[in-house]
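**Student:** Generate the whole structure from the sequences, applying the supplied hints.
If you're matching them up, the sequences are chains A and B in order. 44 is the number that the numbering used here gives to position 44 of the first sequence; each next residue is one higher, with no gaps. One gets the numbering used here by counting positions in the second sequence from 1 and adding 1000 to each.
Calculated from the structure, these hints are not laboratory results. Keep in mind the model is a prediction, meaning the values are calculated, not measured. Note that beta-carbon positions come from the ideal geometry of N, C-alpha and C, so glycine has one too. Be a bit skeptical, because a hint or two may be false.
[Stated by the list, open to error] Some chain A residues near chain B, calculated using beta-carbon distances under 8 Å:
{"no.": "1", "residue": "Gln-28"}
{"no.": "2", "residue": "Tyr-30"}
{"no.": "3", "residue": "Lys-32"}
{"no.": "4", "residue": "Tyr-103"}
{"no.": "5", "residue": "Val-239"}
{"no.": "6", "residue": "Glu-246"}
{"no.": "7", "residue": "Val-249"}
{"no.": "8", "residue": "Val-253"}
{"no.": "9", "residue": "Leu-256"}
{"no.": "10", "residue": "Val-315"}
{"no.": "11", "residue": "Ala-340"}
{"no.": "12", "residue": "Lys-341"}
{"no.": "13", "residue": "Arg-380"}
{"no.": "14", "residue": "Ala-382"}
{"no.": "15", "residue": "Ala-395"}
[As the list claims (entries may be wrong)] Each computed DSS-like pair below joins lysine-lysine, with the alpha-carbon atoms no more than 27 Å apart:
{"no.": "16", "chain 1": "A", "residue 1": "Lys-42", "chain 2": "A", "residue 2": "Lys-418"}
{"no.": "17", "chain 1": "A", "residue 1": "Lys-98", "chain 2": "B", "residue 2": "Lys-1104"}
{"no.": "18", "chain 1": "A", "residue 1": "Lys-98", "chain 2": "B", "residue 2": "Lys-1101"}
{"no.": "19", "chain 1": "A", "residue 1": "Lys-237", "chain 2": "A", "residue 2": "Lys-307"}
{"no.": "20", "chain 1": "A", "residue 1": "Lys-299", "chain 2": "A", "residue 2": "Lys-286"}
{"no.": "21", "chain 1": "A", "residue 1": "Lys-258", "chain 2": "A", "residue 2": "Lys-299"}
{"no.": "22", "chain 1": "A", "residue 1": "Lys-299", "chain 2": "B", "residue 2": "Lys-1101"}
{"no.": "23", "chain 1": "A", "residue 1": "Lys-341", "chain 2": "A", "residue 2": "Lys-98"}
{"no.": "24", "chain 1": "A", "residue 1": "Lys-32", "chain 2": "A", "residue 2": "Lys-61"}
{"no.": "25", "chain 1": "A", "residue 1": "Lys-42", "chain 2": "A", "residue 2": "Lys-61"}
{"no.": "26", "chain 1": "A", "residue 1": "Lys-98", "chain 2": "A", "residue 2": "Lys-418"}
{"no.": "27", "chain 1": "A", "residue 1": "Lys-341", "chain 2": "B", "residue 2": "Lys-1101"}
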Amino acid sequence: MSLGSMTIDLIRTAVASGATTATAVAEQHYAKIAAEDGPDGKNIHSFLALSKDRALAQAAKIDAMVAKGDALPVLVGVPVGIKDVLTMVGSPATAGSKILQGYMPPYDATVVQRLEAAGAVILGKMNCDEFAMGSSNENSAYGPVLNPWALDRVPGGSSGGSAAAVAAGFCVASLGTDTGGSIRQPAAFCGVVGMLPTYGRISRYGLIAFASSLDRVGPFATNVRDAATMLGVLAGKDVLDATSSERPVGDYVGALEKPVGGLRIGVPAEYFGDGLDPEIRAAIEKAIDGLHASGCEVKQISLPHTKYAIPTYYVIATAEASANLSRFDGVRFGLRAGEAKTLSAMYRETRDQGFGAEVKRRILLGTYALSAGYYDAYYRKAQQVRTLLTRDFLAAFSEVDAIVAPVTPTPAFKLGAKTDDPVQMYLEDIYSVAASLAGICGISVPCGDTAAGLPMGVQVMGRHFDEETMLRVALAIETAQ
Amino acid sequence: MANAAGVTIDEVLRVAELANLDLTSEEVPRMQRDLNAILGHIAELNELDTTGVPAMSQVGEMLGTAAELTGASLRVDAVQPSLNRAAVMASAPESDGRFFKVPKVIER
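**Tutor:** The structure is reproduced here in C-alpha cells:
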C-alpha cells in the first residue's frame, strides 16, 4: 500500500474487506512518521506527540468489529492526526506553548470522540503556532514545521503540522483550527484540501480558545470527497458547546453527486489586486474558466470592505485572545514560575516565562484595544466594520451561490522570511480573514504547482451553513485539475 | 486613532501590568515598535464612517434566524456529571488534592 495517495474510501474498503487491518495501517503510518518526521529523516516535525497506546487500542477494537462482521462506520481504520490545541485524554496538550508543557488534559474534545466513534485511529497531536497565533508555524515553542514539498519553506500556519502531515502521507486526514486562515492557508502551502466550516457547524468543546467569536475546527484531507466525509462525521450540535448550531447536518458526500451546471460563481475584484502572485492569479483564472466550461455562470462581484478585514481582525482577535489567555496563570495547569513570593508576582513571572513573543504581542495589543479610553476607538470600531464586512458577503450571496478567490497572495515562503515584521506576517491572511469575520464557510483546494514546484490553492467560499454548494464547486475545480 | 503620537514606553508598561505580563528590558522597546506598526495599520479603519452601524460580536446576530440555529441557545439548567476532581487536580502545579495552592495573596 502506497502511503500518501491513500484516501478514506480506500482505507475503509481495504480494512472492511480484510485486505489489511486497522492495526497494520496504523503501524505502517507510525513507521513512516518514525522514518521521516524526526531529525533522522526529513525533520518535518509535524507531530508534537504520538498517541500510540490509544491508537493501537482503537485499531484493535476496529479489527475485532471487522472479525465479528459488525456494521462498520465511515472512517473505519482511517489514521488521522489532530492539532495540538485540541484535548485528548492520554496525550499532552501544549497548544504549541511552553506555558502548557506537560499538561495532561482530563477530558476529550468532542471532535476526538466523534472521530473515534466513526472508526478513526488518532495517531497523535500536531505541531502548530503557539495558541494558533501565526501564519508560518514558526511561532511554535517546540520548533517549526517544514513544508514537505520544499524543506526550506514554511508549511503555513497556524495548523502547519496538520497540513504537512497529510501532505507527507503521515496520516490520511487531520484536524486543524482556523481563526483567520489557519486551515486554508497551510492547506494551500502544502497542496492539500483544508476546510473552514461555518461558524457553529462543529463543536469546539475541548479546543483551547484563542478568539472565541472566530475560532473554528475543520478538516484537512487529500481530496474534496474526504473533506466532505470528515465534515459529516464532525458536524452537529453538541450540548457541551453552547455556540454549536442545532441546524441539521447535511449529506455532504451525497451533495457531491450533483453537477455544478447552473450555479452562479462570484469573482470578487478586491481579491485580485496588485499583491497577488501572477502564477497564482493564472491558476485561479484557469479554475474559474473550468467552472464556466462546466456550465456555471461566472459573475464579477465586489466585496468593497475587503481591505479593512486585516485591521478589523487584528483588533477583534487580539482583544478576545487577551481575555481567553488570562486563564494561563500558573494556578490550575501547566507551567508555574519558580520562587515567586506573592500570587501577583507568580502570575507575571509564569506568563513571562511561558508565553512566546507573538503571544505577548497579541495579548498586549488586545489589552490595549480594550483598555479604558481606547475601547470605542478600537474594539467597538472594529466590531462595526465587522458588520460591514459581513453585509458585503450577505449581499454577494443574494446574487451568487459561491465565491472563488485566492487563498494566499504567494506560495509558501522561506523560513525566517517574515519573522521580523509582524505586519508583513499578518498580511499573509489578506484573502482569508474576511470569511473568518463573517462566519461563512470556505475551503482551499489545490490548483496546480508553480514553475518552482510549490503547491497553489484556490479558495471557494459559501453561504452560512451551505457547505454542500461550496463542496460541489470545490470538487468541480479538483476534477478539472 | 486616539493617539496620533503612538504608544509610549509608559503605555506599554501600563498595558503589560494590566495583562499580568512582566516584560524584560529588551522586550519593552520591541513591543513598543511592533504595537505602533500594527496600530498604524489598524488606523485605516478610521477611513470608514461607521455612524449608526451596529457592532457585531457574534456571527449569529447577522443571520436573522432562530437562536438555536446559530448556536446561541442555552442548555437546560440541570445537574450533570462533571469532570473527575482527582484528574483535574493532578494537572495543577501545586495542590493538596482538594484545593489549588498558590503563594501568599495578601502581605501582612
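**Student:** Look at each hint and say if it fits the structure.
**Tutor:** Tested hints:
no. : hint                   : result
1   : Gln-28                 : violated (33 Å)
2   : Tyr-30                 : violated (27 Å)
3   : Lys-32                 : violated (32 Å)
4   : Tyr-103                : holds (6 Å)
5   : Val-239                : holds (6 Å)
6   : Glu-246                : holds (4 Å)
7   : Val-249                : violated (13 Å)
8   : Val-253                : violated (23 Å)
9   : Leu-256                : violated (24 Å)
10  : Val-315                : holds (6 Å)
11  : Ala-340                : holds (6 Å)
12  : Lys-341                : holds (6 Å)
13  : Arg-380                : holds (5 Å)
14  : Ala-382                : holds (7 Å)
15  : Ala-395                : violated (12 Å)
16  : A:Lys-42 - A:Lys-418   : holds (23 Å)
17  : A:Lys-98 - B:Lys-1104  : holds (25 Å)
18  : A:Lys-98 - B:Lys-1101  : holds (21 Å)
19  : A:Lys-237 - A:Lys-307  : violated (34 Å)
20  : A:Lys-299 - A:Lys-286  : holds (15 Å)
21  : A:Lys-258 - A:Lys-299  : holds (21 Å)
22  : A:Lys-299 - B:Lys-1101 : violated (62 Å)
23  : A:Lys-341 - A:Lys-98   : holds (22 Å)
24  : A:Lys-32 - A:Lys-61    : holds (23 Å)
25  : A:Lys-42 - A:Lys-61    : violated (32 Å)
26  : A:Lys-98 - A:Lys-418   : holds (22 Å)
27  : A:Lys-341 - B:Lys-1101 : holds (13 Å)
The structure fails to meet hints 1, 2, 3, 7, 8, 9, 15, 19, 22 and 25 from the earlier list, while all remaining hints are met.
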